[in-house]
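Visitor: One letter stands for each residue in the lines below.
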Amino acid sequence: MSLSLLGNPSVSPPLIRLDRVSKSFGMNVVLDGVDFDLHPGEVHALCGENGAGKSTCLGLLYGLHQPSGGRVLLNDKEERIDTPSHAQSLGVGCVFQELSLAGALSVAENIYAGRAPTHFGVVDWPELRRRAEELLAEFGLRIDVSKPVDSLPISSRQIVEIAKALSLNSRILLLDEPTSALAPDEVDALFDVLRSLTKKGIGIVYVSHHMAEIFRISDRVTVLRDGRKISTLPVSETSQEQVVAEMIGGAHPDEINRSEDATGEVVLDVNKLSHPGVFDDISFSIKAGEIVGMAGLMGARRSEIVRSLVGLMPGATGNIHMHGQPVKFTCLRQAMRHSVGFVPEERKTEGLFLEQSLSDNLIAASLSDHTRLGVMRRASIKGAATTAIDAFSVKASGVSEEVGALSGGNQQKIMLAKWLKRAPDLLIVEEPTKGVDVGAKFQIHTELLRRAADGMAILVVSSDFPELLSLSSRILVVHDGQLKGDIAAQEATEDVVLQMAAGTAAPSIAPSNTITGATS
Amino acid sequence: MTMVAHADTTPKPPLIRRILKAFVDIRELTLIVLIALIIIVMANVNPYFLSLSNFRAVAVGMAPTAIIVIGMAILLASGGFDLSVGSVMALSSTVVAMLLLTGMPIPLAVVCGLILGGVVGVVNGVLVTGLGINPLIATLGTMSIARGIALVLTEGFSVSSLPPAFAWIGKADIGGLPVMVLLTVLLVILFDLAVRHTRFFRQVYFIGANEKAAMLSGIHVTRVRIILYALTGVLAALAGVLLASRLMSGTPTAGNGIELQVLAAAVIGGASLRGGEGTILGAFLGVVFVALINNTMTMQAVSIYWQMIVIGGVLVSAVALDMLIRSKRG
Chain A
1 MSLSLLGNPS
11 VSPPLIRLDR
21 VSKSFGMNVV
31 LDGVDFDLHP
41 GEVHALCGEN
51 GAGKSTCLGL
61 LYGLHQPSGG
71 RVLLNDKEER
81 IDTPSHAQSL
91 GVGCVFQELS
101 LAGALSVAEN
111 IYAGRAPTHF
121 GVVDWPELRR
131 RAEELLAEFG
141 LRIDVSKPVD
151 SLPISSRQIV
161 EIAKALSLNS
171 RILLLDEPTS
181 ALAPDEVDAL
191 FDVLRSLTKK
201 GIGIVYVSHH
211 MAEIFRISDR
221 VTVLRDGRKI
231 STLPVSETSQ
241 EQVVAEMIGG
251 AHPDEINRSE
261 DATGEVVLDV
271 NKLSHPGVFD
281 DISFSIKAGE
291 IVGMAGLMGA
301 RRSEIVRSLV
311 GLMPGATGNI
321 HMHGQPVKFT
331 CLRQAMRHSV
341 GFVPEERKTE
351 GLFLEQSLSD
361 NLIAASLSDH
371 TRLGVMRRAS
381 IKGAATTAID
391 AFSVKASGVS
401 EEVGALSGGN
411 QQKIMLAKWL
421 KRAPDLLIVE
431 EPTKGVDVGA
441 KFQIHTELLR
451 RAADGMAILV
461 VSSDFPELLS
471 LSSRILVVHD
481 GQLKGDIAAQ
491 EATEDVVLQM
501 AAGTAAPSIA
511 PSNTITGATS
Chain B
1001 MTMVAHADTT
1011 PKPPLIRRIL
1021 KAFVDIRELT
1031 LIVLIALIII
1041 VMANVNPYFL
1051 SLSNFRAVAV
1061 GMAPTAIIVI
1071 GMAILLASGG
1081 FDLSVGSVMA
1091 LSSTVVAMLL
1101 LTGMPIPLAV
1111 VCGLILGGVV
1121 GVVNGVLVTG
1131 LGINPLIATL
1141 GTMSIARGIA
1151 LVLTEGFSVS
1161 SLPPAFAWIG
1171 KADIGGLPVM
1181 VLLTVLLVIL
1191 FDLAVRHTRF
1201 FRQVYFIGAN
1211 EKAAMLSGIH
1221 VTRVRIILYA
1231 LTGVLAALAG
1241 VLLASRLMSG
1251 TPTAGNGIEL
1261 QVLAAAVIGG
1271 ASLRGGEGTI
1281 LGAFLGVVFV
1291 ALINNTMTMQ
1301 AVSIYWQMIV
1311 IGGVLVSAVA
1321 LDMLIRSKRG
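Protein sequences appear in the order of chains A and B. Each residue of the first sequence is one higher than the one before, counting from 1 in this note's numbering. Each residue of the second sequence is one higher than the one before, counting from 1001 in this note's numbering.
Don't read these hints as lab results, they were simulated from the structure. From the three backbone atoms N, C-alpha and C, an ideal C-beta is built for every residue, glycine too. Hints may contain errors.
[Unchecked claim] Selected chain B positions facing chain A (in silico; Cβ < 7 Å):
| no. | residue |
| --- | --- |
| 1 | Ala1059 |
| 2 | His1197 |
| 3 | Thr1198 |
| 4 | Gln1203 |
| 5 | Tyr1205 |
| 6 | Ala1213 |
| 7 | Ile1219 |
| 8 | Arg1223 |
| 9 | Ile1227 |
| 10 | Ser1272 |
| 11 | Gly1276 |
Just chain A, with the same shape it has in the complex (with noise of 0.2 Å):
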């Protein structure tokens, strides 16, 4: 078509060009001008913080948004990827960070979702079995693909949507956060997977938080930040470093201290907690001051863990004391009664009310403060969440903005803020800084650790084991409903926690940290 092209010959076209796209939802520009190419046979690594566009970008390629300007080219040739059908049809397999399987159909059926091999319409199950254990044995996962796929554990269940993009004959695979749910093991399977896919020319777009997956796998990288392309290099001519500053911008956060290994009294003593099936004799306390983490792979029972703590989970049998007192939480709010706090891991489904207000969120675990006779006091409301608004400084035009129209950041900010907001002197947290930015998670361990200094005790759940390194004083590694470890932060690594967490390392649990009775 034009001269400047026909001047410039390459080897084989690309597989994907992004010419000059952008993309805005009404008033909101997410990508502005970005140029982006794969080639066959090359994992291209897409890095941003939240809201860079990354996943738009993936978007615009699976036909789940259309570009508002600029070009999409597949082998070359100027496409409207109009569905997600389309986009398969084009050769282009997609597996989001959120599993879309169907628990209750089987493995088979999930991998040929809506495309299963029929004679005149009718399934034809031994050859949909066939193809599919076929298809799984690429990934050297023998399983009974009959079963329901409920039945896996979460790690399979991944593979098998990993299975069912492929199922497509893709030439493209979009991966967002491809390893989010595996174990290090298995994440090495999943490596040995995508290079031979990349041997028989396939080519991968690789979006990731883990810098150091990202440099494993990846051919080159790019950049986005703020809708904008920053840069795209190949991966020895850049480093995690400079990755990581492109991605914020020059604001780089300090590094953050760890909390001090703290002296204060014994707020939360378990001994022995068991929950017959799920987690067995799990002893340990945190001290007043104290950032203690939680440390665990998924299916770890980490989480039934910490609401059996708080009462969500009744059952347990072992002994807890809250200040030297014996305590036994039947629901949340005895737990509450004891100055407890609990933010739950998923924001949207257990933290927040999406279609209310930004105040009425930030008051709803603390609503007695803010009545007077039965009846709220607005000035007292509009107080408080003016104080977290700027305390966490929340980016939204005001206390009444519904919180569902805020970014994952600023959501996470306010439900951390309704606990905070109690004083609780006892706060567990779910997954502090799931998929927010850089930014925010700056912030929100910021308040943590002052938290922690003004006197609180916090336990941090996260999956995230360099957070919980530069977090906690002391970490808890918890391997299928047991406890594995209870190491001093100084001693870990975190090659130590995931050894511990895999299961692959002998127990260490250090006795000067399993002190139980009220030492103050």
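Got chain A; can you put chain B on it based on the hints?
Guide: This is chain B only, laid out in the frame that chain A set:
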């Protein structure tokens, strides 16, 4: 490429446990046993119960409900449902009757009635998918509108003096079995197999389990949903035609409240308002079960008012039991 292989190493549980588990997992088994139980008990209590004429009456009486439950069960599996089925039944029965009075050939009039049902279904589907109206509200609206149209067309009166040949569908026998019942059983078998084994209907379970995931898997969620509502409309219209043929009149008040009976039977048969589960056979057995309970009570001269209380109790206990088992299994 060595990945942790999750081999099947779980030992087989004892036979009794496995049988119990089969009953929990397969609602159809439980219903078949319950139905057999009713038949055995009633056979000993009331000799007339086992008579052919009683079974005939029960079968013919439940045929319209059984036909509608096919559509409802599929809709429930897709995470939708339809309150307008009773009104569509009435509308098609009156429109077909009126068309027949104009001298239109019977097959053509029937086809027109079915198409009308399909049109109402498409309207439901578009309201739910295109405009994103909650299915409860959307079909509550069309339920009222369709019933209203039937009443306006007939000014509230039944349409009778239909051509005698029209009675064939509703009253004739083939090999000693009523055509209406044969047709119902045929449709139930056909759709049960289709839902289990055809690609189109397998998509329904994906949509019901997780609509967004289905869309991201490349399934045309909107298209499938609209087709399902249309199918339900056509089946409801067919039930209306059968009823009109049996009564030899088009009745604008027919099928009043049938939508709730159908929903109840489908849920007793293993469907769920959450979507993603249920079979046609299960829903059909649910209809049979409810019909037999009603028949039993009628025979034992239990007042019709008490029957409502019993059916309500059965519905709630079926669902409660289901929830209990689910929570036990975690």
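Visitor: Could you check the structure against the hints above and give me the numbers of any it violates, in ascending order?
Guide: 1, 8, 9, 10
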